[in-house]
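Taken in order, these protein sequences are the chains called R and X.
0 is the number of the first residue of the first sequence in numbering that gives the first Met the number 0; add one for each residue after it.
0 is the number of the first residue of the second sequence in numbering that gives the first Met the number 0; add one for each residue after it.
By construction, these hints were calculated from the structure, which means they are not laboratory data.
Hints should not be assumed to be uniformly reliable.
Just so you know, same-sequence chains aren't split out, so a pair can sit in one copy or run between any two.
Derived pair list, reagent style BS3-like, types lysine-lysine, alpha-carbon separation capped at 27 Å [what the hints assert, rightly or not]:
(1) Lys226 x Lys17
(2) Lys17 x Lys275
(3) Lys168 x Lys226
(4) Lys248 x Lys209
(5) Lys36 x Lys197
(6) Lys226 x Lys76
(7) Lys227 x Lys192
(8) Lys11 x Lys36
(9) Lys11 x Lys227
(10) Lys76 x Lys168
2 protein chains.
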Amino acid sequence: MVDLRDRSVIQKLFAETKFDAVIHFAGLKAVGESVEKPLLYYDNNVIGTITLLEVMAAHGCKNLVFSSSATVYGWPKEVPCTEESPLSAVNPYGRTKLFIEEICRDVHHSDPEWKIILLRYFNPVGAHPSGHIGEDPRGIPNNLMPFVQQVAVGRRPALTVFGNDYATKDGTGVRDYIHVVDLADGHIAALRKLSDPKIGCEVYNLGTGKGTSVLEMVNAFERASGKKIPLVMAGRRAGDAEIVYASTKKAERELNWRARYGIEEMCRDQWNWASKNPYGYGSPESNGVMK
Amino acid sequence: MVDLRDRSVIQKLFAETKFDAVIHFAGLKAVGESVEKPLLYYDNNVIGTITLLEVMAAHGCKNLVFSSSATVYGWPKEVPCTEESPLSAVNPYGRTKLFIEEICRDVHHSDPEWKIILLRYFNPVGAHPSGHIGEDPRGIPNNLMPFVQQVAVGRRPALTVFGNDYATKDGTGVRDYIHVVDLADGHIAALRKLSDPKIGCEVYNLGTGKGTSVLEMVNAFERASGKKIPLVMAGRRAGDAEIVYASTKKAERELNWRARYGIEEMCRDQWNWASKNPYGYGSPESNGVMK
Chain R
0 MVDLRDRSVI QKLFAETKFD AVIHFAGLKA VGESVEKPLL YYDNNVIGTI TLLEVMAAHG
60 CKNLVFSSSA TVYGWPKEVP CTEESPLSAV NPYGRTKLFI EEICRDVHHS DPEWKIILLR
120 YFNPVGAHPS GHIGEDPRGI PNNLMPFVQQ VAVGRRPALT VFGNDYATKD GTGVRDYIHV
180 VDLADGHIAA LRKLSDPKIG CEVYNLGTGK GTSVLEMVNA FERASGKKIP LVMAGRRAGD
240 AEIVYASTKK AERELNWRAR YGIEEMCRDQ WNWASKNPYG YGSPESNGVM K
Chain X
0 MVDLRDRSVI QKLFAETKFD AVIHFAGLKA VGESVEKPLL YYDNNVIGTI TLLEVMAAHG
60 CKNLVFSSSA TVYGWPKEVP CTEESPLSAV NPYGRTKLFI EEICRDVHHS DPEWKIILLR
120 YFNPVGAHPS GHIGEDPRGI PNNLMPFVQQ VAVGRRPALT VFGNDYATKD GTGVRDYIHV
180 VDLADGHIAA LRKLSDPKIG CEVYNLGTGK GTSVLEMVNA FERASGKKIP LVMAGRRAGD
240 AEIVYASTKK AERELNWRAR YGIEEMCRDQ WNWASKNPYG YGSPESNGVM K
């Protein structure tokens with residue numbers, strides 16, 4: 000583990016090894032935490048990235064794949080979101096992503112040797128099919144599937160659904176879930192694309208192009224796991240968008256990449272990870288002492 | 000001189016002295032340079048500010064006056080610009096100001112103990128009436144008045160006017176010039192305002208509220224100096240707005256501040272500084288070796 004903001008550590012790393020390209024996904028990502036601790040987010044995400052870019056430039060490594068997010072579409076007026084949709088940020092986390100995207104565009108504009116691909120992740124879920132690698136958030140999960148998983152293994156009594164009066168098929172929020180293995184493949188495709196001499200600073204959505212509601216996702220997880228997920232209906236959560244899903248045409252056309260997995264595989268692999276590791280990388284004892 | 004980005008230096012400063020408030024104007028400000036060297040600007044301006052805010056918070060000093068800029072109004076669709084006008088950035092320098100404003104709003108929102116005043120400077124010109132303190136840009140001046148001054152003292156042959164076909168009274172661009180002494184007084188007024196218990200994170204324009212064209216400004220300088228300023232007419236400069244001036248009502252109402260000086264005094268004091276210090280803080284020999 001390296002602290003990106005520690006310039007001397009990064010400089011040492013680049014002095015010791017010649018890197019062809021960097022995939023930078025060292026970002027904090029919890030929306031609520033970013034509202035409470037914005038400086039932590041600006042420090043880690045923004046200072047970290049500026050420092051990394053400076054050290055990369057100093058060492059002649061000007062190929063970057065950066066983990067951006069669909070959060071930069073804010074509350075979209077139209078779906079699917081294309082890479083040309085209007086951008087806005089609705090919380091500090093989103094602003095860190097938007098700021099970094101703009102910094103990357105300026106850096107490429109100032110020096111066309113820089114080749115930068117900004118990948119806008121939609122909603123990554125699932126786990127590696129081996130069941131050995133998965134997500135294990137500390138504290139109360141902010142995202143749907145880690146929460147569902149903790150209910151399924153008995154760590155939490157019920158799933159709270161925030162809002163069932165949205166203008167969607169069943170009233171619950173709609174998102175574009177993408178299997179983490181598809182997401183990983185998207186990074187390989189982006190790395191390949193960096194060798195295209197025509198590339199400058201480009202943006203690609205990484206999603207499936209399909210919108211899935213909270214209830215559809217819960218049902219798919221119940222089928223995959225054989226577990227019943229008790230639900231508690233609650234009001235809308237401030238800041239949540241109604242319906243967000245990707246246009247994936249640009250990534251299909253230019254990266255020659257598309258998601259191969261649907262929500263069945265996402266839930267199957269999420270449950271495989273969960274049932275093999277009900278306490279993630281921790282232990283039953285650690286359940287009660289999470290921050 | 001302290002490097003704001005050097006956290007240990009700032010920490011030491013705050014450990015040694017209890018500060019009630021900080022006026023932060025340690026920013027790079029040349030638009031063209033920011034386009035060529037965006038990372039220098041993001042590093043100095045954005046990293047510097049995030050680091051300063053973190054150290055201030057850690058030492059319980061949560062009163063800040065920050066030097067923002069009218070650049071955050073981008074190319075305004077309507078003038079005068081009020082503090083509620085739409086914001087946009089049209090170059091990396093402008094983005095650093097916009098980013099920092101947004102970071103400050105997030106920081107106040109997360110912790111209402113923070114009291115922050117963002118001062119949006121219009122076009123500061125002139126010099127201290129003593130003639131001992133003035134602006135002395137290195138290299139070719141980016142701004143009108145330092146360039147005019149260097150023509151007046153014979154360091155440059157003529158002033159290049161970028162665009163005389165704008166939809167303004169005489170075809171040249173219109174700006175809101177403000178005497179640096181008025182600007183300084185605006186900071187004192189802002190510091191006073193920080194003791195108002197109702198203040199949160201507030202924005203104020205610092206301008207005169209009057210638009211002045213390039214030719215009007217040059218004429219005023221010729222009158223003040225008795226020097227003829229030869230002009231070379233050139234095309235519009237990419238990125239320049241046509242007409243920008245401030246609404247000053249909010250600052251008058253809430254800061255009890257208004258600009259006292261007009262363009263005559265600005266030119267008088269600029270010429271007083273220039274004629275006493277034709278080579279600024281340097282010497283005739285340094286004229287040719289400026290970077």
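How would you classify Lys227 and Lys192 at a CA-CA limit of 27 Å: within, between, both, or neither?
neither (43 Å within a copy, 58 Å between copies)
Cα distance capped at 27 Å. Does Lys11 pair with Lys227 within a copy, between copies, both, or neither?
Neither. Shortest intra-copy (51 Å) and inter-copy (57 Å) distances fail the 27 Å Cα cut-off.
Indicate which option fits the pair Lys17, Lys275 if close means a Cα-Cα distance not exceeding 27 Å: within, between, both or neither.
Intra 39 Å, inter 54 Å, cutoff 27 Å: neither.
Pop the pair Lys11 and Lys36 into one bin, within, between, both or neither, using alpha-carbon distances up to 27 Å.
between (30 Å within a copy, 23 Å between copies)
Regarding Lys248 and Lys209, is the shortest C-alpha distance of 27 Å or less found within a copy, between copies, in both, or in neither?
within (12 Å within a copy, 50 Å between copies)
Cα distance capped at 27 Å. Does Lys36 pair with Lys197 within a copy, between copies, both, or neither?
Between copies only: 23 Å across chains, 40 Å inside a chain, cut-off 27 Å.
Lys168 and Lys226: within-copy, between-copy, both or neither at 27 Å Cα
The answer is within: 24 Å in one copy meets 27 Å, while 75 Å across copies does not.
What label fits Lys226 with Lys76 when the C-alpha limit is 27 Å: within, between, both, or neither?
Classified as neither; 36 Å inside a copy, 58 Å across copies.
Go through the copies and call it for Lys226 and Lys17: within, between, both or neither, with a Cα cutoff of 27 Å.
neither (49 Å within a copy, 59 Å between copies)
At 27 Å max between alpha carbons, let me know whether Lys76 reaches Lys168 within a copy, between copies, both or neither.
within (17 Å within a copy, 41 Å between copies)
Violated hints, in rising order: 1, 2, 6, 7, 9; the structure is consistent with all others.
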